[in-house]
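*Asks:* Here's the letter readout for the chains.
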Amino acid sequence: MTTRPTVIAWAALVALSLVSFGWASGVRGAATAFVLSIAAAKALTIGWRFMDLSGAPRSMQWIFAGWALSLSAALTVWLHLPPSL
Amino acid sequence: VSETPARKVPGEAGIWVVIFGDLALFSLFFLTYADYYRHDPALFHAGQAMLDRGIGIANTLLLLTSSLFVALATRALGRPHRARRLFLGGMLCGLGFAVLKIIEWRAKLALGLGLSSSPFAIFYFMLTGIHFAHLCIGLAVLALVRAKAGRIAAPRDIALIESGALFWHLVDLLWVYLFALLYLVRP
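Residue numbers (the working numbering), protein chains in the order written: chain H, 1 to 85; chain U, 86 to 272.
Everything labelled a hint here was simulated from the structure, so no lab data went into it. The C-beta atom is built at its ideal place from N, Cα and C for all residues, glycine as well. Do not rely on the hints blindly, as some may be mistaken.
So the derived label-pair ranges between C-beta atoms look like this [unchecked claim]:
(1) Leu81/H / Ala91/U: 43 to 51 Å
(2) Ala244/U / Val77/H: 36 to 44 Å
(3) Gly163/U / Leu81/H: 48 to 56 Å
(4) Arg236/U / Leu69/H: 13 to 21 Å
(5) Arg167/U / Leu85/H: 33 to 41 Å
(6) Arg92/U / Pro82/H: 41 to 49 Å
(7) Leu85/H / Ala244/U: 45 to 53 Å
(8) Val77/H / Asp242/U: 39 to 47 Å
(9) Leu85/H / Gly106/U: 39 to 47 Å
(10) Ser84/H / Ile237/U: 58 to 66 Å
(11) Ala15/H / Ile207/U: 31 to 39 Å
Calculated from the model, a selection of chain U residues having no Cβ within reach of chain H, i.e. all distances over 12 Å [said to hold, decoys possible]:
(12) Ala109
(13) Gly141
(14) Leu149
(15) Ala183
(16) Lys186
(17) Leu196
(18) Gly197
(19) Ser201
(20) Ser202
(21) Thr213
These stretches of chain H come out as covered by chain U in the derived footprint (C-beta under 8 Å, 3 or more residues) [claimed, not checked]:
(22) 10 to 24
(23) 40 to 51
(24) 60 to 72
(25) 76 to 84
Extracted from the complex, chain H is given alone in its bound form (with noise of 0.2 Å):
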């Protein structure tokens, strides 16, 4: 099996670290959907490229990757509802 995708996917996770660490301390409502979106990102990276998971049954996937995206998406929600709520 060929190295080269798996090392790839590294570099791609250390990139999405660097911007998410330098975005951070941008404008705070979009910089935490930013984040928390990369997060995801970082997640589905993990998961597809060193978890092995592309090559899974698709149940495996979708249950993976709506983790992934549901828990980044209420995140954000919940972060910025109003706390009266």
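Following the hints, complete the assembly by docking chain U onto the known chain H.
*Replies:* Just chain U now, kept in the frame of chain H:
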């Protein structure tokens, strides 16, 4: 007629119960943290300001590199010496993470950020503490997996090694959200 390759569950099926169970549990922790955060953002901002983002990003890069080594090791099981060296690289990066985390905890405690000082501190120590416990278990698993990589006798050995590697990637996966929530987001 072209045949599509058979899809395969990586590792042992049982490890995925652990992984999805852990992800569900941590998701509840993260949502609880978000709920406390939105009720008292000023307090959480003050708590976040006490954290060292430099250590946070360094730990992120260490865990990502560790996961790279472990992923490459599972692809090199046909060459035991290379696989063992790669697993060792993964373990050393994991140990680096542990050392930095202990340094960070000591610095926070010296600054007066203790378990009882604020809700943010409780979340910070609880979440990073549980993650640290996962990291320690993961390091022990990697040591076992590394030993196994030198004497693979049956296909089941490969599945066991893959399962150990998957647990290590779970540690990395959890840190992705911990780093974002504790160090970066400021709604």
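*Asks:* May I ask you to test the hint 39 to 47 Å on the CB atoms belonging to Leu85/H and Gly106/U?
*Replies:* 30 Å, violated
*Asks:* Falls inside 41 to 49 Å, the C-beta gap from Arg92/U to Pro82/H?
*Replies:* Holds, since Arg92/U and Pro82/H (Cβ atoms, about 45 Å apart) stay within the stated range.
*Asks:* For the pair Ala15/H and Ile207/U, does the Cβ-Cβ distance stay inside 31 to 39 Å?
*Replies:* 33 Å, holds
*Asks:* Is the Cβ of Thr213/U more than 12 Å away from each Cβ in chain H?
*Replies:* Non-interface label stands for Thr213/U: nearest chain H Cβ at 16 Å, farther than 12 Å.
*Asks:* Is 58 to 66 Å respected by the C-beta to C-beta distance linking Ser84/H and Ile237/U?
*Replies:* Holds, since Ser84/H and Ile237/U (Cβ atoms, about 59 Å apart) stay within the stated range.
*Asks:* Starting from the hint 13 to 21 Å, judge whether the C-beta atoms of Arg236/U and Leu69/H obey it.
*Replies:* This hint is violated: roughly 41 Å between Cβ atoms.
*Asks:* Please confirm whether Ala183/U is truly not at the interface, meaning its C-beta sits more than 12 Å away from all C-beta atoms of chain H.
*Replies:* 19 Å, holds
*Asks:* Is the nearest CB of chain H more than 12 Å from the CB of Gly197/U?
*Replies:* 24 Å, holds
*Asks:* Between Val77/H and Asp242/U, does the C-beta distance stay in 39 to 47 Å?
*Replies:* 45 Å, holds
*Asks:* Could you check that no beta carbon of chain H comes within 12 Å of the beta carbon of Gly141/U?
*Replies:* 8 Å, violated
*Asks:* Return holds or violated for the Cβ distance of Leu81/H and Ala91/U against the range 43 to 51 Å.
*Replies:* 45 Å, holds
*Asks:* If we take the beta carbon of Leu149/U, is the closest beta carbon in chain H still more than 12 Å away?
*Replies:* 5 Å, violated
Going through the hint list in order, the structure does not satisfy hints 4, 5, 9, 12, 13 and 14.
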